[in-house]
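Q: Each chain, written out:
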Amino acid sequence: MSGRTRLALCAWAATLMTACALLPLVSPATWIVQVALLLAVQSAVGAAARRVPLARPLTVAAQVLVTLVLLTLVFARQQAPAGLVPGPEAFRHLAGLVRQGAEDVGRYTTPAPLTDGIRLLLVAGVLLIGLIVDALAVTLRSAATAGLPLLALYSVAAGLADGGAGWLWFLLAAAGYLMLLLAEGRDRLSQWGRVFTGAVRSPRGERGSAVAPVRTGRRIGVVALGVALVVPLALPGMRHGLLDPSRTGAGHGDGGTISAVNPLVSLRDSLNVDEDRTVLTLRTDTRDTSDLYVRIVSLDDFDGTTWKPSQRHIVAVPDTLPAPAGLSADVPRTEITTTISAADWYAQDWLPMPYPPSGVRIRGSWRYEPVGMTLVGDHGQTTRGLTYQVRSLQVLPTTEQLATAPDPAPALVREYTKVPRTLPADVAATARRVTEGAGNHYEQAVKLQNWFAFDGGFQYDTQVEVGTGPQAISRFLRDKRGFCVHFSFAMAAMARTLGIPARVAVGFAPGTVQGDGTIAVGLKDAHAWPELYFEGVGWTRFEPTPTRGTTPSYTRSEEPGAPLPDPAVPSAQASTAPSAAPSATAGCPPELRRLQECPTPSAQPVAGPSDDGPRPFTIAAAALAALVVLLLPLSPLLWRRRVRSVRLGAHGRGERDAVPHTLAVWQELTNTAWDFGIRPEESQTPRQAAARLVRLGRLDPVAAASVHRVAGAVEQALYAPRPRPVAGLAADVRRVTEGLRSTASRGTRLRALLAPRSATRLTWAFAARWAAVRSRVAALRPVLRKPSAHGPSRPEG
Amino acid sequence: MTTYDDGADLTDLTATVERVRASVEKVIEGKPEAVRLALTVLLAEGHLLIEDVPGVGKTMLAKALARSVDCSVRRIQFTPDLLPSDITGVSVWDQQRRDFEFKPGAVFAQIVIGDEINRASPKTQSALLESMEERQVTIDGQTYELPSPFMVVATQNPVEMEGTYPLPEAQRDRFMARVSIGYPHPEAELRMLDVHGGVSPLDGLRPVAHAHEVVKLIEAVRGVHVAEPVRRYAVDLVGATRSHPDLRLGASPRATLHLLRAAKAAAALGGRDYALPDDVQALAVPVLAHRLLPTAQAQLNRRTAEQVVQEIVQQTPVPAAPQQAGGLGLGGRMAQSGRRSRGL
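From first to last, the protein sequence lines are chains A and B. The opening position of the first sequence corresponds to residue 185 in my numbering, with each subsequent residue numbered one higher. The opening position of the second sequence corresponds to residue 26 in my numbering, with each subsequent residue numbered one higher.
Isolated chain B (complex conformation) (with noise of 0.2 angstroms):
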């Protein structure tokens, strides 16, 4: 049995994890990837942000990872006259004790479900940013500690462009992760006329973890080791980023460490007390890709983000031991080639 340092149990982990993902994949039939990667930000205290075209699950996604958890969840609807103390609260004059009293505003919960995000103003977005960020509101000069674990799950529609409001860079930059639905298979789909032909599926489900399970898995995940060649691959991914020809606007440092941290929280729900390059490399895309610009010579090309991200992961050398570099049999020129792709 492994055990992490601060006592953590990773069998009590995955048993919790696996019991989550169970349950949310009742409601969303044949997506795996995009449950498994909902719980890995979950673990990693990131914000997730699904993109998709309408009806594919998104809200569904959202709402079935929030009860699944016994936990606060607020569900905001963004509307373009959605104001920012909507959101964040609002202090009222309370005539009978005649001072302001704060009203907290939908931020305040567990997991936050922001439906079309992209549909407020950025006046309103931006009224996330703190929350986002800092884990706190600040109102009239008075700060808000929010709940633990704290999570904003934001859907948007991607296609659909008129009324709305694409999201400012930095909003982008403090998801820790995007995802896309997809449609899903024939097969699922069937069986999901079937299930959920009569009554709502989310009806049926009943939360199978608690928050503070949630909080203990988190500091688990916080425990797992990344060696220092895993650390530096991330660097690497992350800085290539910056320098591509295709990219107008590279990941931030902020981004790196998300990487980072989704990557503990992979390797956790694999059951390992460590993170892996392989962790990185299948959490590169999702992690970096909403954040990039490319450039427009890029998007004359049809070249989008995932692709270049994708084709940075398949340049970079996979590091190797410090003591064997140069000499692991991934490939004896490592740090030669690791040069070159660094150069281009």
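Isolated chain A (complex conformation) (with noise of 0.2 angstroms):
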């Protein structure tokens, strides 16, 4: 197998085991053996055109045409002409099914199913990074460079992908791209003999210590993969290491944290799934199943942009689950029990428990986490098709207890009340202008979550994005457009400013009671809720999202002494929401309010841009990398431009300044020849270079006047003992621009334009700087190196 071969194979094996590190992200996985024939014969039709040999860029050229026409084989037959030519119509098809992919790529999590528009962003990506790194590593013979691509594509997929085996993943990638930088070593060694590949004998018969260059290139390459899976473990790292402070004395793995995975990413997936999958199966004991609220993990460490779980000590689960925070013996409850099954597919880190949970039973490495009494898993445990028992606390506070509660510990209320500075004033201000009236901490809470529930001309949009930046509530208040994130981020945040003690609770809200008395949650039943801590009652739910969940009991207006708005008087509040139809749903019962399904005069009217639309940082950058993109093809124009104006432009009158100058317009005008075609000659004075100038310009007598007059002031300049001024030499040159303009085709005018010959020049000064950099360096080499002992100048023995 010669070389190039050889290289061209293991440029195919690198890409595909570089491609292996996507598979998890997609199901079923046989899209791989589609790109590992396709990749193939891809690599066959460079290796064709290498052996013919055609030049580099024909070569790639060939590749490109093959790709094509295999991607319109497989993807858009039907719309190709016989099948294989790609027309304006296979490619709009293709456009489309690129289209659907990227917006298939939005809406399922990993693994996505393998949906055709996916299929071809998988097929199509892994092809170009296939031929871009053949075109690097065999045709252009340089397989170092070639492990950017594959970097990229290794990053894209390890980006993507949720954990898991992700070593196995490197190891592949790393692999292939080693052996690719071996092939290529020993190719190039080969030019210069045959390659050994075993250990040499010397003359006396004994095994020689020197190792074969491959095979040593093979150990090292091993040593060095063995070497970045094993040293990270050992490592400390910035979190999850040895020297976490966060980490328990029992156990190990990093059981330290529960801030692995953002809930929140996932949370608007999950609401915006075509099919509702269902995700847990609940039995439970008790007949009201409206406040089964499931909860996951909750969000207490407010940074303005978003809600995060704080870091958190984590021990082993007990087998009594403390009481939970702030709950007095006083408060009505009833204590039951939920048979919770997981699905297949859903893999969590957080146990889903209802709150507050009392006991737990489990199988699995699980540990505790007291503060928000949630069950993380250990080890990469996850909820993965386990059924486990959660007995659990229903706190059915009255509203009396609720409005005359103490104030909290002042630790607690510091650690709850927790807003940045960044957060904007208009958030405090709304909340205090809502909550206007209201006498305690109690009234304010159920004001707010009527607000955003009823009164405040919210609606429920699933398809606003989660938005960032200290702005994104502020936004949201505006456009009144969101979904339970949005609501239960703002309603937290506010109640922070108003002084309530508050937190977001993630989970899902209850789901559907099913005909054999289970209750399925779906993946459509993720949800976001606040949780406002009173003392004596501990956290407790609120739901300021509308139609999601229900309104915990000791909130409703039905309640007597709660002062809440009466349905039947016009709400005052309604007035602060301008875009709110009041009359409209003022007959309207809260709870209906509450779900959207009161009659409207006119659709909710979308106030600007959404809660989420780019921000200026990214419209800028946009834009200066679209300007890069236009701008880059015309660069030679603008560095020729930029050049002849420095050349021709302004310059001191003395005779100090004639010389420059005079050898700047020389250079200009010698450029612009060669711009035109006129290649410069070294061997050439100024008189002869002129002469010919005119003769292959085919310049007019005026032009070759100038022409002349130029080379006459280049030659006093060099050569002169005083070297006079001479003026108008910038005109001069013009009018011989204009003289080989008039007589120079069109394609060599536009060629002159947009991409001058001269621009050589910017290589050759580059090279000469790279060159002058290479010789600094070996004149240092030989201090920087120790004299070999072997060298042949000694004596043996």
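It should be emphasised that the hints constitute simulated quantities derived from the structure, not laboratory data. In this text, a Cβ means the ideal position worked out from N, Cα and C, and glycines have one as well.
Computed footprint of chain B on chain A, listed as stretches where at least three residues anywhere in the stretch have a Cβ under 8 angstroms from a Cβ of chain B:
1. 865-871
2. 896-909
Some chain B residues close to chain A (C-beta under 10 angstroms, calculated; not the full set):
3. Val-251
4. Pro-302
5. Pro-344
Build the complex from these two chains, which are given one at a time in their own frames, with help from the hints.
A: Shown next, in the form of structure tokens:
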């Protein structure tokens, strides 16, 4: 096998091995077979083109062409003439598939189903990477740089995958790349003669210590891979390491934190799925299941942008969980037992449980986080396919208990009413305005909840992005469109500004009761809600999201004593909502209003851009990138213009300035001639160069005289004892340029404008600098290198 | 008006030279390059070797040049029996004064025409060595200065080799330039028949410049500025002949000196007070070629010294000003190419 063929094979294998990292993202994995075949055809075309041999750009062009044909054959056969030739129709179809693929990628969580769009994205992406790798490693013989596209491919896969056997994919990808490097090294060595694959024997018959370079390379590669895999396990990291202060004494692994995956990322995806898959199946001994929220985790760290779980100490799971914080004995409660079965495909690090749990019976490696009262999987333990039993309390406080709740402990208040300085002032102002007239924290909380759920004119919309930046809540309050994340975040943040300890719980709203008495909780039940703390009751659920979940009984207006808006009277708060329709909703009961099933006179207008419209920075960055992409092809033109204006521009009038100016003008003249196809000759004197320029450029007498005038000035500048400034040289050059342009063909003119040949000087200048740097380094090398002990000049023995 | 440092006037120079040139061209028609080269050598204080087949006007050019300048002229017909003393002079015993009296030879003139110089024996040819280089003659321990200006214009026939003695290298090296006149253009030849049919054209020639004028012109030429890059260029060109694979013998340092002096004269003739690489290039073949010895292989390949010099001129990069090296439009990679071509 020739060196190039081996290299091409290795490039194919390396791309394929790196592409394996994408396998966990999509199910089923049949696409990889298709990719392997298509990639093989692409590589074979490259190998054939190199054997012909074609010029390098032609080789790549042939591969691109064949790749297009292959993609057409596989994905747009119906739309292409003869099923092969990619025409406009085929391209439209492919573009449609790409769009669909992009939507699918945004819609599904991993592992995503293998839709046509996703399949095209995968196949085309890997083929593109394969083409670049083949071109770099084999056609251009630079295997080292082929690591970049491979790294890009691996990074995409690693970035999307949610853990799992990441080390295996890394090993595969790295081994592929190393194989490519080894093949190239072997090929390069073989140009010096035969590559010895075994250890050499010395003339005395002893086995020599020298090992063949290829074998050494393999060993180094294997050792490097091993080190890359093993060392990170032993090294302390920023988190999850040996030095992690939150780590508990017993056990090991990443039990110290519970912030591995942001649950909010998948929440919106869950809400937007087309097909509602059952996540959990619940069987409980209580009849009232409307309050059976299943909580996964609580987010108590608010940084102004988002809520996230704090890092907490975790401990072994006790048999009986301690009583929830702040719950006093006089609050009515019932203990319920719920058996929960998680779906086979549902892998969650936190254990979904009703709140507050009092005991858990579960198999597997779990640890307990006491503050949030959550269970966290240890050693990669997830909920996948688990069935477990949870005892929990249904706490039913009276409104009076909540209204008369004493102030909580200052430490708790401090921790849970913390808001960053960056939180816009209008959040607190709105909170105050909405809760105007409320006598205590409970009334404030209810007013806030009702404002969001009933009276504020908010619309439930899962298409709105989660939103980033300190302005996200502010935007939401203005636009009044969002889903549970927005409502819970906003209410919790506003409650904190009012001094009520608040956090956000993430989990599932009550599911649907099935015929057999079980409760099915689906993906679309994924939910987030605020929990507010009342001393004596503990963390209490509120429900500000319209159309989702159930309003807690202790906040309903039917409860006596609660100063809630009377359904019969037009709401006073309605005036705060500019687009609300108080008159229409006035006669509608609050629960129906919460579900947004009241008749409305007009659809809720979209007030300006959505919550997550692109931020100014993003727009600026995108505009900048577009500008750069546009300007890139124009860069030779712009560079040439700049250089011309500098050379022909203003200059001093003194004799000292005459020489540089004249030489700059001359350089501009010869470069302009070069742009028009008249290459400068190095062994020509200025007047010879001028005569040649006049001859080849077919210049008219006026332009010819200008050329000779400039050449004369250059002669003076270079060789005269006292060069005198010559006026009008820039005008001469412009005249010559005009002359050259008038005799040149349109193609030549266009090329001189857009792709001036004289831009080669930039490359030359760069090459000269590079050579200078290299020679400097080479000069330093003997100083740095130790004298060899086996130098030929040393006598033996 | 351009003036030189020593006060000589450039316009005077060109006017004088123009008169001489016009006068010579009355005789030698259609050969302006040969005439110009002869004048260049005169102003550069060199000696001229005219080499061509018989009958093309070698002697005529030498004589026309001599007659156009009002100076002493001697003509020596070199023959195999010519003795050195015929050229340099001889000391004769004067019985009346009872002392040796020096009778100057033919070399004691301002323009010496050596016709068919290769017909004399090497011994006689060598008699010219001292006078050509040092402008003096030493006889019997007595040194006699030659007049100024002093120029030897020798002719030789390169075809007819029987009974000739090729000029030794040392002799050839003392000639600043070699010129071939070549056959005239048919039109010029026809005109020559009309004009020169009856009388010798030399008869009508009258001196158009005085010897002291020529001396002044020579002084002016000495003041022509040669920039460092041009000097380096001349050195590069000559140096390239020494390492050229087709040459057995390259040009001497004297050749470099002659090349530069000739370039100065050419610049002055062109009305400039500074020499250009163009001047050096134009004079490279006439000044260098006759000093070079091609290798046997090159001769077998019918490569002449002229071809080799032309090749060297084409390959040697033209110098740029020091501060602009690598940046001049003549070629951004000059320095690099220069190294490459010098390495050949």
